Amino acid sequence: MKYDSGQLLFACDLSGTFVFAIEGAMAGVIANLDIFGVLVLSFATALAGGLIRDVLIGASPPQSIRDWRYSATAFLGGAVVIFLYQFIQRIPLTVVLAFDAAGLSLFAIAGTTKALTFEINPFIAALMGTITGVGGGTIRDLLLARIPGVLRADIYATAALAGSAVMIVCRRLGLSPAVSGVLGALVCFTLRMVSVWRHWNLPKVSGL
Amino acid sequence: MKYDSGQLLFACDLSGTFVFAIEGAMAGVIANLDIFGVLVLSFATALAGGLIRDVLIGASPPQSIRDWRYSATAFLGGAVVIFLYQFIQRIPLTVVLAFDAAGLSLFAIAGTTKALTFEINPFIAALMGTITGVGGGTIRDLLLARIPGVLRADIYATAALAGSAVMIVCRRLGLSPAVSGVLGALVCFTLRMVSVWRHWNLPKVSGL
Amino acid sequence: MKYDSGQLLFACDLSGTFVFAIEGAMAGVIANLDIFGVLVLSFATALAGGLIRDVLIGASPPQSIRDWRYSATAFLGGAVVIFLYQFIQRIPLTVVLAFDAAGLSLFAIAGTTKALTFEINPFIAALMGTITGVGGGTIRDLLLARIPGVLRADIYATAALAGSAVMIVCRRLGLSPAVSGVLGALVCFTLRMVSVWRHWNLPKVSGL
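If you read the sequences in order, they're chains A, B and C. Just so you know, we're using my numbering here: the first sequence kicks off at 8 and counts up by one. Just so you know, we're using my numbering here: the second sequence kicks off at 8 and counts up by one. Just so you know, we're using my numbering here: the third sequence kicks off at 8 and counts up by one.
Mixed in with the good hints, there may be bad ones.
To be verified - Quick list of the computed label-pair ranges, beta carbon to beta carbon:
no.: 1; chain 1: B; residue 1: V186; chain 2: C; residue 2: V201; range: 56 to 62 Å
no.: 2; chain 1: A; residue 1: R76; chain 2: C; residue 2: A185; range: 35 to 41 Å
no.: 3; chain 1: A; residue 1: V176; chain 2: C; residue 2: G181; range: 39 to 45 Å
no.: 4; chain 1: C; residue 1: N208; chain 2: B; residue 2: F94; range: 57 to 63 Å
no.: 5; chain 1: A; residue 1: F130; chain 2: C; residue 2: L180; range: 40 to 46 Å
no.: 6; chain 1: A; residue 1: A105; chain 2: B; residue 2: V186; range: 32 to 38 Å
no.: 7; chain 1: A; residue 1: H206; chain 2: C; residue 2: F125; range: 36 to 42 Å
no.: 8; chain 1: B; residue 1: T101; chain 2: C; residue 2: S183; range: 54 to 60 Å
no.: 9; chain 1: C; residue 1: P99; chain 2: B; residue 2: F94; range: 43 to 49 Å
no.: 10; chain 1: B; residue 1: F90; chain 2: C; residue 2: G156; range: 39 to 45 Å
no.: 11; chain 1: C; residue 1: G156; chain 2: B; residue 2: N208; range: 31 to 37 Å
no.: 12; chain 1: A; residue 1: N39; chain 2: B; residue 2: I98; range: 50 to 56 Å
no.: 13; chain 1: C; residue 1: V201; chain 2: A; residue 2: F125; range: 41 to 47 Å
Hints were generated in silico from the structure; no laboratory data involved. These numbers come from a predicted model, not from an experiment. All residues carry an ideal CB built from backbone N, CA and C; glycine is no exception.
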């Protein structure tokens with residue numbers, strides 16, 4: 008069977024979109040928003056990272072505007088929360104964190120890969136992967152008038168950046184895009200989960 | 008006389024821009040900003056919705072950057088508030104709400120129409136119309152470090168989405184763009200005003 | 008020696024980027040963020056103004072995405088703060104204000120010049136210069152969930168707008184781009200510093 012990198016990436020992207028849509032919608036329910044507000048947050052959380060990346064790398068119009076399956080997936084995630092909220096809120100925190108870390112990894116790898124396709128410098132491509140991963144949550148926090156988690160939270164964006172960098176280094180070393188992507192995603196996921204489990208944090212400047 | 012859809016749209020767009028510029032400037036005065044801050048809010052409220060839409064659908068550079076009449080209209084709205092604040096603040100709330108609903112309807116229809124022109128999928132085109140309508144007020148609220156009204160407020164974005172959807176359905180049913188636009192705008196305007204009058208709200212997830 | 012306007016602009020742009028990166032990182036340290044958060048703020052403050060301008064004028068992908076030296080400069084500014092915080096916090100406020108005013112002037116002139124190169128209307132080009140100058144600080148304030156200084160603070164964006172306008176008028180009067188740029192920057196810098204020294208403020212609408 009022939010391996011199709013594009014389809015794999017697309018599957019990653021939609022899976023990440025779905026996970027982040029559910030998280031955004033949950034934040035909306037917790038903030039006591041009405042149904043429309045919940046859907047706005049599920050769209051913003053699921054799609055903003057990719058939208059910002061596409062605008063920055065010059066992929067115009069952005070993929071999630073051209074392809075209705077992105078909006079449909081974001082909508083589906085919001086609808087799942089609206090109709091199954093009682094079930095979803097009982098999911099244990101560890102599972103939620105694992106899904107979130109998976110979404111972050113998928114988005115970081117998909118974003119970096121896409122930036123490389125657009126012939127963006129590898130250093131900046133890793134930043135674009137990171138923005139893809141953390142952009143949605145940042146917009147969600149801004150809409151809720153909170154300081155974005157990415158500025159405060161332990162090792163989150165750092166994990167996305169590390170995963171993106173590992174992927175780029177692996178490709179430079181001659182590994183295939185698929186293998187490099189899987190390794191990058193594993194690094195991002197593992198780093199994120201271990202940092203939560205071990206309560207790792209980045210140092211503050213005052214502590215240096 | 009020959010009917011010119013482009014000119015009609017342009018007139019709608021500038022009227023909406025003027026109404027939203029006045030609203031933005033009023034928010035600035037109420038937040039006790041200086042004159043420049045008031046003008047920034049009038050520009051942001053009047054132009055941000057269209058700017059975001061144009062960036063998303065790939066209309067580059069955005070219309071309000073290419074055409075100085077948009078900035079001039081936004082500036083005029085701000086100047087009207089600065090010089091005539093005493094009069095404007097006496098306008099009854101119902102009239103303000105009606106003008107706002109009219110601006111929302113004009114922007115929703117103009118935004119949806121433009122997205123369709125750029126061959127955006129109809130489902131997403133309706134979302135683009137909604138963003139055009141609510142984007143300015145959302146940026147205004149973000150600048151004032153408030154949770155955007157679109158996440159909380161009764162039936163507002165919902166009205167824009169409904170109007171956009173009605174317009175698209177009408178065009179699919181074979182009605183002319185002009186008639187479809189008028190019907191969509193009427194639906195948006197009526198839904199918004201009736202929801203204010205009747206204190207309609209969307210349900211919350213906890214109440215489902 | 009042949010004068011090269013492009014290189015001069017590039018030097019201005021990188022100098023402004025460095026100054027703003029340091030300011031952004033300092034804001035991050037003061038807000039008690041971890042190292043990654045500090046770097047995010049240095050990138051956002053240094054690059055957002057130019058990114059927004061480039062997206063708006065249709066320079067796609069934006070210069071700071073295409074050219075790694077922008078990110079590297081922003082990173083350098085952040086790293087300087089992280090490693091030399093003890094020294095930087097002892098810099099007297101007047102010096103900080105002077106550097107900030109210099110960065111504002113450089114960005115306003117560079118932004119206006121670039122917008123003119125993209126054949127943007129002069130009135131809007133001056134606005135683009137202003138956005139280049141104040142955009143980074145605005146995004147920084149939004150990320151920290153504060154009302155942006157540009158809406159409140161004395162004569163800041165006004166100075167950027169005045170400098171941009173002076174540059175455009177000088178070019179219209181037939182002065183060379185270089186001379187016009189220097190005059191515009193001087194106006195912006197002087198207006199900003201004098202307004203700080205004299206505690207000048209723009210009037211509020213209630214006081215008109």
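Hint by hint, here is what the structure shows:
no. : hint                         : result
1   : B/V186 to C/V201: 56 to 62 Å : holds (59 Å)
2   : A/R76 to C/A185: 35 to 41 Å  : violated (51 Å)
3   : A/V176 to C/G181: 39 to 45 Å : violated (54 Å)
4   : C/N208 to B/F94: 57 to 63 Å  : violated (25 Å)
5   : A/F130 to C/L180: 40 to 46 Å : holds (43 Å)
6   : A/A105 to B/V186: 32 to 38 Å : violated (53 Å)
7   : A/H206 to C/F125: 36 to 42 Å : violated (49 Å)
8   : B/T101 to C/S183: 54 to 60 Å : holds (57 Å)
9   : C/P99 to B/F94: 43 to 49 Å   : holds (48 Å)
10  : B/F90 to C/G156: 39 to 45 Å  : violated (26 Å)
11  : C/G156 to B/N208: 31 to 37 Å : holds (36 Å)
12  : A/N39 to B/I98: 50 to 56 Å   : violated (32 Å)
13  : C/V201 to A/F125: 41 to 47 Å : holds (45 Å)
When held up to the earlier numbered hints, the structure conflicts with 2, 3, 4, 6, 7, 10 and 12 and fits the remainder.
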